[in-house]
Structure formats: C-alpha cells, structure tokens
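Student: Just so you know, the protein sequences line up as chains W and R, in that order. So for the first sequence, our numbering puts the first residue at 1; every next one is plus one. So for the second sequence, our numbering puts the first residue at 530; every next one is plus one.
It should be emphasised that the hints constitute simulated quantities derived from the structure, not laboratory data. Quick reminder that beta carbons are idealized off the backbone N, C-alpha and C, glycines included. Hints should not be assumed to be uniformly reliable.
Said to hold, decoys possible - Here are some chain R residues the structure puts well away from chain W; computed CB gaps all over 12 angstroms: (1) Ser625; (2) Glu708; (3) Ala810.
Stated by the list, open to error - Here are the simulated distance ranges between beta carbons: (4) R:Glu881 / W:Gly357: 37 to 45 angstroms; (5) R:Ser940 / W:Ala55: 52 to 60 angstroms; (6) R:Thr1050 / W:Val65: 26 to 34 angstroms; (7) R:Glu901 / W:Ser312: 52 to 60 angstroms; (8) W:Glu347 / R:Pro844: 47 to 55 angstroms; (9) R:Gly814 / W:Gln138: 41 to 49 angstroms.
Protein chains: 2
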Amino acid sequence: MSSLPSSSHALLASLRAAFSGRMVSDPAGMAPWLRDYRQRWGGPALAVVQPDSTADVAAVVRWCVEHDAVIVPQGGNTGLTGASVPLGVPPSRLPSGAPPASADKAPSDDLDPSQARTTGGADARLRPVILLSLSRMQQVRSVDALASTMVVEAGCTLQAAQEAAAAHGRLFPLSLASEGSCTIGGNLATNAGGVQVLRYGNMRELCLGLEVVTADGQVWHGLNRLRKNNTGYDLRDLFIGAEGTLGIITAAVLKLYPQPAGQVAALVQLESPEQALALLAQAQGRLAAELTAFELISDAAMQLVLKNIPGSRLPFEAYPADAPLPWYVLLEVSSLHSEPAAQEGLEAVLSEALADGRVQDAVISQSLAQFEQLWALRENISAAQSHEGKNIKHDISVPISRIGEFIEAASRQIRQAYPDARLIVFGHLGDGNLHFNVAPHARFAQHYDEAFARDEALVNRLVHDLVAAYEGAISAEHGIGVLRQAELVRYKQPLELQMMRAIKQALDPQDRMNPGKLLPTPYTRTPYH
Amino acid sequence: MSSLPSSSHALLASLRAAFSGRMVSDPAGMAPWLRDYRQRWGGPALAVVQPDSTADVAAVVRWCVEHDAVIVPQGGNTGLTGASVPLGVPPSRLPSGAPPASADKAPSDDLDPSQARTTGGADARLRPVILLSLSRMQQVRSVDALASTMVVEAGCTLQAAQEAAAAHGRLFPLSLASEGSCTIGGNLATNAGGVQVLRYGNMRELCLGLEVVTADGQVWHGLNRLRKNNTGYDLRDLFIGAEGTLGIITAAVLKLYPQPAGQVAALVQLESPEQALALLAQAQGRLAAELTAFELISDAAMQLVLKNIPGSRLPFEAYPADAPLPWYVLLEVSSLHSEPAAQEGLEAVLSEALADGRVQDAVISQSLAQFEQLWALRENISAAQSHEGKNIKHDISVPISRIGEFIEAASRQIRQAYPDARLIVFGHLGDGNLHFNVAPHARFAQHYDEAFARDEALVNRLVHDLVAAYEGAISAEHGIGVLRQAELVRYKQPLELQMMRAIKQALDPQDRMNPGKLLPTPYTRTPYH
C-alpha cells in the first residue's frame, strides 16, 4: 500500500470544499463506480463525486478546470461499451468493495496516486480522474400533461421517468431491459433505443431540450419545450449520443404520448426473415402507428429461452420436423381506444397473413398474463444466453429491405470459419437492428478467455465487414464507448472522424470530458489492420 | 460602367475551367439569383455557378479555397430571412434582368469588381463571392418503397420529391406553400416545417442521411439509410438547419410514409385559443396519428381571405353579432384505410365537441372539392394579406399550453402601443407555432416605408420580448438568415452563441460558407439595445 501524498490530500480537500453533494474517495467505497457491470473495463479515480444540483456539477467541472483533472460522467453504469467508467486498469486488478452507506469518507491511504492519475484519453499527461455520478440528481422537475412534455434530471432512472409520466396519464415510451437502473442521462448520452423505436424513435426523437454543463463549467440552459425552434445550430442533438465527451447532460425535456387504452401481442412462426419483412409491410400498411413493436427471433434464440428460463413455453404445436428452421416474430399492437380495437386490428393482419401462407402459425394474447408471457420469450433471450457461456455480441443495423440477405450471408461466412458456431440472432426488425450474436465454438461454454479474445476480433471483423458492405452501422443502439473505437476507425470515412475531432476540439479543447471514449485517440489501434 | 480588370477575367476563366456545370457571370444574367424574392436583401457576385454533380460542387469549393472566394449556396430562393443571397447592396441598386436562356455567357464589362468582392461576412477582407445554385442537381437517385426511403439531390423541388414518392405508392409528407419552387436542399438548410409537422415532424425528422460538400471541398458520404445508427457525433443534424454556413448539402436520404387512403378536413368555429387547445387534446386522444393538421385561424385573418380572395366563402351561417369574435380551426384527418374511416373519426370528435359546447359550429368536407375549398381558406391567408399592404411578420413558437395566454398578452400590448393596429394571427397550433403578423397602422396600406422600418423594430421588440418571457422561440420554422441575427444576440444565452461560433470555426475556419448568415458577426448590431 502506498500512502497518499499530501498533495493528493490537499486536492481532495479542495474538491470537497468546491461543491455540496456527496464525495467518496476511499478505494473500496469507489470500487462499484470504477468498473462496468460486465467487468470488461475499469480504472482508478481520485474521487467519486455525486453532485446534488446542476450548480454543483458546474462547480465540480470548474474545479477540474482549475486542477487539470478529467471527468468521467456516469448514469446507471449499465452501458455495454465501457463509456461510463475510467480506463487504464483491468477490473480484476481494481480494489473491490461495496459503496459506503454514508457520504464523505475521509481519503484512504490505500489510494495509489499514480493509478488515480491514469487516464485513457489522448492526452498522455497524467491527470487526476474524477468520476462524476449523476445518481443524486433524480428529480422530475415538472410534468406538463397538456403540452405532453416533462422535465427530468439526468440521474432519474428510466423507470422513474416512465412512472412520473404514467402518474399524469401520459406515456414516456422508451423501454429497455435495464430500465430499472439505467438513467435518462445515460439514455441520452448513448441515444438509447429499445423495443418501441419502430413507433416512437430513439432517445433523440424523444427529447426536446437539454441542460448541459460544458467543459469549462458553464451551464447551457437549453431546456427547450418547443416542438419547433429554428434558432441556430442543433446543439441538442450534438450532445445526445456524444457519450459524455462534449459536456455533461444534467436535465432534459422529454416528449410524452397518450397512454394506450389497450395492448395485445402476438407470436407468429414463419419461415424466413423475408416472410417477416413482408408481414412487417402488411402490418404497417394496416396498423400504421398502432404497431408498436415488431421483433424478430431466430429459432436458436428461442430454443435457448425454452431451455434455460424456467416456465417458458411456446404457445404453438411443434414445428414440422421436415420444414425449414422456423423464425418467430413478436408483434405488439397498441390502441388508444380499447383492447378489443387492438385485438381486432392484429387479428385482421394475421388472418390475412395466414391465408396467404406468409405466416405458419400465430397466437394472439387474450389476457395481460398471456401478453406478458409472450413478451417474456423475447425479453429473456439475453439472460438465456448467459447460461451458455460467453458469446460475441453485435448490435448492428442494415437497410431494412436487405436484412434477410444479410442474415444469410453473415451466417454462411461464420459457419465457413467456425463449422460448429452457434448463432443467436434476434432484434428490432422494424428498425433494421439486429443483435447478431456468435458463439464460435462449443468450448466457449467453458470460458476459454484467450481463445475468446482472439476469436472476438476475427468474428467482429467478419460480421462488421459484411455490415459495411451492406451500408449498415456497426453500432445501432449501444454506442461506441471503447468497445468499438478501433472499428470506428476502420469503417468511418476519415473525413467524418476529422469533423468529429474538430467538434470535440471546439467544445472540449482540453479533452477533459470523458477522455478516451467514443472518439478514437491517436493511440487506438485496429487489430488485424 | 467600370471595366472588369484582367485579373477578374483570369479568375472567371479559371473558375469556368474548374467544373463542368453551368456558369453565368454577366450582371443581367446573374440578377435573379442575387436578391431574395421579397426584394429585401441582395448583393453582387463574381459568378453564379450551377454544378451538375456533387463532384462539381466539390470542385467549385476547392476553387474557392484556392482563390479565397466565399460561397453563397442557393436552392429555390424562397426563404424569408435572406439566407440564400449575397449581401451588401440593396436589391434596388442591383442590376436587373432575366436569366439568359443559355449557359456560359462571357464575362460582361458591366461588372463592378469592387461590388463583386463585397461580402456580408465577419471577414472584413474583400473576397470574391460565388453564388452556388443547386438548381441543376435535381435527380431522384433512388426510391426504396419497402424500406420507405428515398435518395434525392438537393436541387430537387419539394413537389418533385413528393411526386417521386407518390409514384412508388409512398408519401413524402413535408408540405409548404412554396413546394413548387423550394428545394430539398433549402428545406434541409432551414429545417423547414409546414402544415404536417404535427404528425410527421420538421425536415430534421424526415431525413436519415446527408451528402455534404465541406468547407475544404471534400465530400462527406453520409447518406445513411438506417433507422438506427449510433456511431459517433450527430453531424447530420448539425448541417440540417445550419443555413449553408457549415457546408453544402448535395443530397439526402428522406423518410417515406404510407399514403393515406382517405383524407377529410373540417372547419370549426370556436370562441378562443383555449377552446382550440381543448379540442386539440380531445382530437389527439381520439385520432392520434390520424390527426395530420390542426391549424388555428383568427377571425381577422379569415376576413382578409373572404375579402381579397375571389370565390372564398365561409361554410357556416354568420357568427352571432353579440358573441365574442370567433376563432377558426382547420383539422385534417388522414386514414390509411378509407375516406369513410377518416370521416367517422372526425365526426366522432366534432359531435362530442359540439355537444360539450367546446365548438360553436363545424363543417366536414364531403368531397375532394370541399376538402380543397376548406384548405384554400387557410392557404390563402398570406396572399390575402399582401393585398392590404405591408405587415410585420413573426414566426414564433411558445409552449403549446400557454398559447392562448400569449396571444392575449401580445395583442393587448400591441393595441396599447398602436390602438389602430391590425393583428393577423394564424398558425400551426399543434406545434405551438404562430404566425403573429402585425400591421401597426392603417397607413401601412399606403407603404410608408420609413415608418414601417421604425415600427418594425419596435413591434419585433415587443412581440419577441414577450416570446422570450414565455420561453418561446423567435423563429419556429423560417430560420435566422440575416433577418433575425440581431435578435438572436438579444435572446440567446451568450454561451449558446459561443458554442455555435466554436462549431462554425471548427468546420469552416475560413468563414467561407455563406458568411454573414445565421451567426451574428461582430458587426451585427441590435437596434434599440
């Protein structure tokens, strides 16, 4: 154990005096904030701060400017790309421990100041790292049901935001598996998606205005509640999806919608993604905005759920053994009028599709319990996968009309390289967004980390090269973080990276905001380049 | 007449050799491009260029970089804020003339090179001005009906884009009075709105990707066709609404929608904007996405149409003379299923509203002819106004729930300052967007230009101060251009202007792209400051 130099004590004391929220600086207390939940990335920090207010966030940033510290903002720390934690030390080498029950522990002697000054950013100087958690800024500031807007703070969980809207008879439609712990700030920083994007759009489409603390510690009062505002460059959409690298989102104006009066779901069996696409076109033509989800599920994904999630069962008879492997689609229809209206619309679509032979079998939920059972088949895919060991995840999108062709080509290439590969394909078909997950070897079930790391790079290359050939995106809804930086360099037009760097330089010239995330630094190397 | 110095001849010859499209450089030939259609702004240019292709646009920009020229991009030149023309010379002092029938006239001796080097930008150096018209880049590159996307070039008129979508059985929903001549590039540069924003959003929401020629003459291939793409900063939305000051949009991927199978319109009479708001909430609750327009019209605006547009008539009996002055709402309902379905939904809403006394009278269109007659009452307001002399136009938005309160407060203040003022109020109520137009004196009918100019600044101040107090926007759909620059300085948080300047500096460090537009230059003064 190294002792904390007196300069660090003085630093911490001055940081503690600079703002009024909570501060944690002992390594065990900080531990939960310093690694992502999948334990892939992590690094040390001088302190974890939890400001109470926007003024507090600005005070912390100004302190960082004065002391040349860098800031890692963090919401619910549920991201999948490493954007919300410091970098530089593998999670296994970080101290472990639970967050202390009370605030403001004195600085511990355990801290290794050289580690605490490591940053993953482009800047090679060792600068103190401050982890800024928005978790104490959870207020729903206001709900305007008539105007269908709501102002919430960045640390408000998605679920709390949904509930606040519901309490005023409105719907906030973003919906994600992690909604109980992910935050509105994190949803904005990553432009989160989910199962209702088909109808309501990504987080970007659900946000009218932002309050942001800039890299020099000023507060931008951009809480626009207007549907139309053409007064200058669109700064809002620049901060959305920037993964905390341009400023810290502290609050947002969110769009609300009428709550549906009735919802029904259906699970259908069909023979190919092409049939699913035809069904999508038909359902959109008939149901328009009432079609609120259209999820594609491969048989392999469905079988994992049936095997690993107790109580799961398919509502159909067995698929004929001599037929091609089936695919499944989960449709959700929401009606503002009534559940029977939703039911009627869905039945009309499915009976036509069954008559045309476009769909092999279909079941419509007849109760809330059945509605939830059908959704559970979709929502449990990730959990079911984790029972089978590691797999290589891809969150990609391709033009919707080519999605079947893409799945076929990618599956063929993977199987050529790895004849025993297991492909777990599912996703938001209506958005062209697939989770195309690959376990290239059966032995992955036994956690061969080294083989996994090598295969991960190879499989990513194979899948993402094909995505590029189909004019798709290597990240549809998870963002870049550190996970996809090297690939960003490979697939983005250099001019686009150049413009992104120019914007970063313009708004954060000291590379103080979440350095080393999203934008590839000069040190980022593409493997197998 | 001054003769063109040989250096200018050489310049023009080198420009002519640099790209393969059309070039005009005689003053009479250039005249139509060098002033806005309302004759408020204008200025000279060395040449008007009309490139044929994106590569051509890039070649012109690179020529400008080499010769330190500045570029004014232009679409249909239908904007209302002066963003699409050079600056520096009042239109009345510019040469007049029709565009020549054929291309590439030799440089004329009429050109005053000192004028041709005037620029309205921040840069005090005199730099040659090139007017770059996108009018020859009109191609619809592709339509993907299944994926509901379309790739069009910037010079394609809005109407041609609508027609291309319709030819594939799809709807491109942006709709503006100037759709026959305004272009997709201009629609994007100003983030255009219109009457269907309530349902489909502004141009920003209708665009998935862009192709842009940057300030250094590179081509950004950002023609993303994906619904979801989270790979870096949102450059698309930065170029949209930037009024050509960050780069030149040369093509775009547009979102398409199903074509409605039936549409009906209704005109209703009611007593106040508050009643209109209550009707809006009721209609949205019942009709949701089938409600495609909700336009508020004041009695004064309606009377102008009835008086000045031949053949206009109200479909109701006269409003009782002892009742408060009426307001009107035009609702449009679109059904994907059938016209009777649209009719039924609208009837259900209106019979409930009539029964509740929320609406005094209502008429639903029973034929296409009636549908068009009702819409003509709304669409002819601007034309009807122009019969009555000048008026001071405001394109403002306020939070929807406060719109009635705002109209009342603004009207009261205007009437205090100008007891005989005529207020022409109408707009897109569902978006909180009002056209709040003021003729402060009856004498405006006789064009007292000097009084108009003085009153314009005073009335703008009065209306826009109130807009600011209501947390509204001084430009909802028209943009800033030069018309609203001084006011932008007054009403924007200085930090926001500072960030906008930093972005301009990052992407266009030589202030080459449409200098002097949108962003206030150091020379922009706010009157009455």
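Student: Each hint should be assessed against the structure and marked as holding or not.
Tutor: The hints, checked one at a time:
1. Ser625: holds, 31 angstroms
2. Glu708: holds, 18 angstroms
3. Ala810: Nearest chain W Cβ is 6 angstroms from Ala810 of chain R, so the label is violated.
4. R:Glu881 / W:Gly357: 37 to 45 angstroms: holds, 43 angstroms
5. R:Ser940 / W:Ala55: 52 to 60 angstroms: violated, 38 angstroms
6. R:Thr1050 / W:Val65: 26 to 34 angstroms: holds, 29 angstroms
7. R:Glu901 / W:Ser312: 52 to 60 angstroms: holds, 56 angstroms
8. W:Glu347 / R:Pro844: 47 to 55 angstroms: Because 39 angstroms falls outside the window, the suggested range is violated.
9. R:Gly814 / W:Gln138: 41 to 49 angstroms: violated, 30 angstroms
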